[in-house]
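Chemist: Below are the chains, spelled out letter by letter.
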Amino acid sequence: GAGVSQTPSNKVTEKGKYVELRCDPISGHTALYWYRQSLGQGPEFLIYFQGTGAADDSGLPNDRFFAVRPEGSVSTLKIQRTERGDSAVYLCASSLNAGGSGYTFGSGTRLTVV
Amino acid sequence: KNQVEQSPQSLIILEGKNCTLQCNYTVSPFSNLRWYKQDTGRGPVSLTIMTFSENTKSNGRYTATLDADTKQSSLHITASQLSDSASYICVVSTSGSARQLTFGSGTQLTVLP
Chain F
4 GAGVSQTPSN
14 KVTEKGKYVE
24 LRCDPISGHT
34 ALYWYRQSLG
44 QGPEFLIYFQ
54 GTGAADDSGL
64 PNDRFFAVRP
74 EGSVSTLKIQ
84 RTERGDSAVY
94 LCASSLNAGG
104 SGYTFGSGTR
114 LTVV
Chain L
98 KNQVEQSPQS
108 LIILEGKNCT
118 LQCNYTVSPF
128 SNLRWYKQDT
138 GRGPVSLTIM
148 TFSENTKSNG
158 RYTATLDADT
168 KQSSLHITAS
178 QLSDSASYIC
188 VVSTSGSARQ
198 LTFGSGTQLT
208 VLP
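Chains as they are written, first to last, in the numbering used here: chain F, 4 to 117; chain L, 98 to 210.
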């Protein structure tokens, strides 16, 4: 696609529920990143994929968070047993390859846990 | 710990005026520094990217400077427009790390008519 697409744009869920957030990167971009952005803060790194594999998942806050990229394109961020503290904007970015100068961000998914 | 600090946290100016946003960083090893503009409800969009050897770079009314010795950068906006109202985020990239990017908290700029 022309840009990084994230769906849904907004998600409201009840505490304890499971959610999936989707990222469709720019076609041909091998590197994909997930970030979490709280209000008034800069994005915080969660996980980085190079192709299908998670090259660095050290930013995931705990084992309730998991992400996959089975075919090296679309990625899904999965959050189990959601908590109110998980409420944030989840941003996805992609770049042509690792270390590339051009990162393109999606518009994010605003997750609200009530 | 790699950190990027931005000031001011927020800024209000009148349309047509100039302003300068500051960024200090303690990131090592340094690869490059980027300024992003983030409109409300949107993802960050790149304005400039500078490597160690570059002191200044312009993109229209935006001019970024970099002093790699003092680890400081600034973003100067000339003749501000209402559409410049956004959060401006300074991002420093480390070499040799898959994480790549360390983000500042941003400066929230509001341009009033």
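Hint data in this document are derived by calculation from the structure and do not stem from the laboratory. Note that the structure is predicted; figures quoted are calculated from it, not measured. Check the hints yourself; a few may be wrong.
[Said to hold, decoys possible] The calculated lysine-lysine pairs, modelled on DSS-like cross-linking and capped at a C-alpha distance of 30 Å, are:
| # | chain 1 | residue 1 | chain 2 | residue 2 |
| --- | --- | --- | --- | --- |
| 1 | L | Lys134 | L | Lys168 |
| 2 | F | Lys14 | F | Lys81 |
| 3 | F | Lys81 | L | Lys98 |
| 4 | F | Lys14 | L | Lys114 |
| 5 | L | Lys154 | L | Lys114 |
| 6 | F | Lys81 | F | Lys20 |
| 7 | L | Lys98 | L | Lys168 |
| 8 | F | Lys81 | L | Lys154 |
| 9 | L | Lys134 | L | Lys154 |
Chemist: Confirm or reject each hint.
Modeler: Do the hints match the structure? See the list:
| no. | hint | in the structure |
| --- | --- | --- |
| 1 | L:Lys134 x L:Lys168 | holds (21 Å) |
| 2 | F:Lys14 x F:Lys81 | holds (13 Å) |
| 3 | F:Lys81 x L:Lys98 | holds (28 Å) |
| 4 | F:Lys14 x L:Lys114 | violated (39 Å) |
| 5 | L:Lys154 x L:Lys114 | holds (20 Å) |
| 6 | F:Lys81 x F:Lys20 | holds (11 Å) |
| 7 | L:Lys98 x L:Lys168 | holds (15 Å) |
| 8 | F:Lys81 x L:Lys154 | violated (39 Å) |
| 9 | L:Lys134 x L:Lys154 | holds (15 Å) |
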